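Work out the full structure: start from the sequences and follow the hints.
So you can see what is in the structure, the chains are spelled out below.
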Amino acid sequence: MIRDITIGQYVPGDSVIHRLDPRTKILLTLIFIISLFIITKFSGYLIAAVFLFGTIYLSKVPIKYMFKGLKGVLVILLITVIINMFMTPGRVLWSFLFLKITYEGLRQAAFMALRLTFLIVGTSLLTLTTPPIVMTDGIEYFLQPFKRVGVPAHELAMMMTIALRFIPTLMDETDKIMKAQMARGADFESGNVLNRAKSMVPLLVPLFISAFRRADELAVAMEARCYRGGQGRTRLHKLEYERSDYIAFFFVCLMVGLIIWNRYWIW
Amino acid sequence: MSIIAKDLNYTYGQGSPFETKALNSVSLEINDGEFVGLIGHTGSGKSTLIQHLNGLLHPTSGQVFVDGVDISEKGMNLKEIRRRVGLVFQYPEHQLFEETVYKDVAFGPKNIGIGSSEIDKTVKWAISEVGLDYDEVKDKSPFELSGGQRRRVAIAGVLSMRPEVMILDEPTAGLDPKGRDEILSEVNKLNKQEGITVILVSHSMEDVAKLADKLIVMNKGEIVMTGTPREVFENPKLLLSIGLGVPQVTLLFERLRERGWDVRSDILTVEEARDDILKRVGKRD
Numbered sequence: 254m255i256r257d258i259t260i261g262q263y264v265p266g267d268s269v270i271h272r273l274d275p276r277t278k279i280l281l282t283l284i285f286i287i288s289l290f291i292i293t294k295f296s297g298y299l300i301a302a303v304f305l306f307g308t309i310y311l312s313k314v315p316i317k318y319m320f321k322g323l324k325g326v327l328v329i330l331l332i333t334v335i336i337n338m339f340m341t342p343g344r345v346l347w348s349f350l351f352l353k354i355t356y357e358g359l360r361q362a363a364f365m366a367l368r369l370t371f372l373i374v375g376t377s378l379l380t381l382t383t384p385p386i387v388m389t390d391g392i393e394y395f396l397q398p399f400k401r402v403g404v405p406a407h408e409l410a411m412m413m414t415i416a417l418r419f420i421p422t423l424m425d426e427t428d429k430i431m432k433a434q435m436a437r438g439a440d441f442e443s444g445n446v447l448n449r450a451k452s453m454v455p456l457l458v459p460l461f462i463s464a465f466r467r468a469d470e471l472a473v474a475m476e477a478r479c480y481r482g483g484q485g486r487t488r489l490h491k492l493e494y495e496r497s498d499y500i501a502f503f504f505v506c507l508m509v510g511l512i513i514w515n516r517y518w519i520w
Numbered sequence: 036m037s038i039i040a041k042d043l044n045y046t047y048g049q050g051s052p053f054e055t056k057a058l059n060s061v062s063l064e065i066n067d068g069e070f071v072g073l074i075g076h077t078g079s080g081k082s083t084l085i086q087h088l089n090g091l092l093h094p095t096s097g098q099v100f101v102d103g104v105d106i107s108e109k110g111m112n113l114k115e116i117r118r119r120v121g122l123v124f125q126y127p128e129h130q131l132f133e134e135t136v137y138k139d140v141a142f143g144p145k146n147i148g149i150g151s152s153e154i155d156k157t158v159k160w161a162i163s164e165v166g167l168d169y170d171e172v173k174d175k176s177p178f179e180l181s182g183g184q185r186r187r188v189a190i191a192g193v194l195s196m197r198p199e200v201m202i203l204d205e206p207t208a209g210l211d212p213k214g215r216d217e218i219l220s221e222v223n224k225l226n227k228q229e230g231i232t233v234i235l236v237s238h239s240m241e242d243v244a245k246l247a248d249k250l251i252v253m254n255k256g257e258i259v260m261t262g263t264p265r266e267v268f269e270n271p272k273l274l275l276s277i278g279l280g281v282p283q284v285t286l287l288f289e290r291l292r293e294r295g296w297d298v299r300s301d302i303l304t305v306e307e308a309r310d311d312i313l314k315r316v317g318k319r320d
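Residue numbers (our numbering), protein chains in the order written: chain A, 254 to 520; chain B, 36 to 320.
One thing to keep in mind: the hints can contain errors.
Short, incomplete list of chain A residues facing chain B, as computed with Cβ under 10 Å [as the list claims (entries may be wrong)]: (1) 434; (2) 440; (3) 447; (4) 451; (5) 454; (6) 459.
List time: in silico BS3-like cross-link candidates among lysine-lysine, alpha-carbon distance up to 25 Å [as the list claims (entries may be wrong)]: (7) A:324 - A:313; (8) A:432 - B:56; (9) B:109 - A:432; (10) A:429 - A:451; (11) B:173 - B:156; (12) A:432 - B:114; (13) A:429 - B:109; (14) A:451 - B:114; (15) B:255 - B:272; (16) B:255 - A:432; (17) A:451 - B:145; (18) B:56 - B:41; (19) A:432 - B:138; (20) B:175 - A:451; (21) B:173 - B:109; (22) B:41 - A:432.
Hint data in this document are derived by calculation from the structure and do not stem from the laboratory.
Every value quoted in this text rests on a predicted model; they were computed, and no experiment measured them.
Backbone N, C-alpha and C fix where the C-beta goes; we use that ideal spot for every residue, glycine too.
And the structure:
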C-alpha cells in the first residue's frame, strides 16, 4: 500500500537526458520556463512543443509519467481556464445573464492552459530524469554564491539529501509498524475523523521514536567518519560539464532564439 | 487449526518500474499443533509469505485457507483471522507505544473487543508466559526496560489475543545468547504446553534443528524443500547453494565420517552428538 507511493517520482534510466549534469538540467528547465512567458502567439508553442517532445523522446521515460504530474494540478488548470474564459473583456461570443464568453477570453484561456501544461510537463521531466540526491548536488552548486550572505549552502544540501535518503526508509518503517499494529487488531481505515486520528497514535509514537533513534545513529556515524560540515570538503562525484551538456545548451539557446524570433518578427 | 496456502503469487509494485516478484506459486500446509521452521536467505520471501497467512497481504493470485476458510474472500472478518493467527514481526519492540507495559499488552485484546475483566486475566497470563514478572513490569514504561525485556513485552502483546497460531519472524535477532535461549524455550513451551501452533522464521539452523517438527526452506520466492529437520539437513549441498547451511554439529559429524569415524550421519543437536560420542567410546551416562 504505502510502498506504492513514489516520492520525487524519479524513473531510473540511462538516456542522454538522464546523464546530463544536474546543473545543466536545472538551469535549462529554468530557461525553458522563462521562455514560455515570452511566447505570445500559438505558433510559438509549436516551437516549444517540438523541443519538449523531442526531449521526452530522448529521455525514454514513458509518456504517461509526464501526464501523471498534470493530474495533481488539474483543478488549478480548470479554474484558470474558467476564470480567463469568463472574466476577460472583449468581443462577446456568447452570454447568459451576467456570464459572457469573449473571443479574447477563449484565446487567453487556451493560452493559459497551454502554458501551465508545458510548465508542468517541463518541470516533471527534470524530476523524472534526475535522482533526488543528484538534484541536491546541483542545487548546492547554485546556492554557492549565497554563502557570502550567510546561507549555509552545503548544510542545506546535506539536510535535503538526508531527508530524501530517509523517505523510503521511513515509508518502509511506517508500513511495517502499521502492519504490526494491524496484526494486533488495530484498525486504521474505518470510523469517524476523531477515531481515525486516535488510531494514529499507535503508529505515530513508534514512528517518531524510530526517526529520532535513526537521526541520532546517523549523527554519530557521520561524526565517527569525521564529518564537520562543508568547509574544505571534497566530493566523490565531481560535477563536470561534458559534451552533451554543451549540446543541450545549444539546443535550448536555439529554442529561445526561435521563440524570440517568432514573437517579434514572424507570423 | 490448520493453515493451507495454495499456489500463492505475490508481486510488489505491480506495474511500476520497481516491480519485483516476491512469491512464486508457493503452496504449503501447516497442521494443528505443529512447530514449523521457515528458513531462507534474506530476501527469499519469508516475510512476505507470513504476511499472507493472517491477511495482511493479499496474494496477487492464489488462496490461503485458515481452518478451511478462504481468507482472501471479500467480507472476511480479518480481525478475527488476525486474532487467531498471531504475527510477531522482526524487532517487534519497535511497535511499542503505550505508557505502561500493561496498556501495551492490552492493546490487542482491547481492539478485538475482549471485556475488561478478561483483559486483566489474559494480560497477566501473556506477560508471565514470556517470562516476565507481571507485578514488577506492569506499571513500567516499555521504554525503561532492557532490549530483551522489551521484545518479550512485544511478544506478549500478540500472545494476549490468545492466538491459536503464532508466527514469529526472527524473534531472536540481535539478542545475546542468553536472551535468545530464553525466548526460544518460551516459544517451545507455548507449542508444547499450550498447544499453540508455531511458525518460526529463523536464520539459525541450530535453532530450527532443535525445535521444529517440520522445516520449510525458501529460495527466491519459492519453496525448495519441505520435511523434517533430518530430511532437510541430509542435503547440505543444496542448502549451501542457496546461502543457507546446516547446523555446525551436523557439519562436524560429516567431517568425522569423512575421516573414517563410525558416527551417525543424522546428528542435529549438540545433545545428540554428545550421546552418540559417549556411546562410541563405550561410556554410559
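- Pairwise hint evaluation, residue 451 of chain A against residue 175 of chain B, where the allowed Cα distance is 25 Å at most: holds, 23 Å
**Prompt:** Does residue 41 of chain B pair with residue 432 of chain A here, judged by a C-alpha cut-off of 25 Å?
**Reply:** Within the cut-off at roughly 23 Å; holds.
**Asked** Do the alpha carbons of residue 56 of chain B and residue 41 of chain B lie within 25 Å of each other, as the hint requires?
**Response** Cα-Cα ~17 Å, so holds.
query: Going by Cβ atoms only, is residue 454 of chain A closer than 10 Å to chain B?
result: With a closest approach of 7 Å, the residue 454 of chain A hint holds.
Residue 109 of chain B and residue 432 of chain A were given as a pair; does the straight-line alpha-carbon distance stay at or below 25 Å? At roughly 19 Å apart (the allowed maximum being 25 Å), residue 432 of chain A and residue 109 of chain B satisfy the hint.
Discussion item. Would the hint linking residue 432 of chain A and residue 56 of chain B be met if the CA-CA limit is 25 Å?
Written reply: holds, 20 Å
- prompt: Taking 25 Å as the top limit, are the C-alpha atoms of residue 451 of chain A and residue 145 of chain B close enough?
  reply: holds, 14 Å
Pair hint outcome, residue 429 of chain A versus residue 109 of chain B [Cα-Cα no greater than 25 Å]: Holds - the C-alpha atoms of residue 109 of chain B and residue 429 of chain A are around 24 Å apart, at most 25 Å.
Pair hint outcome, residue 173 of chain B versus residue 156 of chain B [Cα-Cα no greater than 25 Å]: Satisfied, since the Cα-Cα distance of roughly 13 Å is no more than 25 Å.
For the pair we were handed, residue 429 of chain A and residue 451 of chain A, check the Cα-Cα distance against 25 Å.
Roughly 19 Å between the alpha carbons, so the hint for residue 429 of chain A and residue 451 of chain A holds.
Interface restraint verdict for residue 434 of chain A against chain B (beta-carbon cut-off 10 Å): holds, 6 Å
Open item on the list: Given the hinted pair residue 173 of chain B and residue 109 of chain B, is their Cα-Cα distance within 25 Å?
Closed with: Roughly 39 Å between the alpha carbons, so the hint for residue 173 of chain B and residue 109 of chain B is violated.
Against the hints set out earlier in the document, violations occur for numbers 3, 4 and 21.
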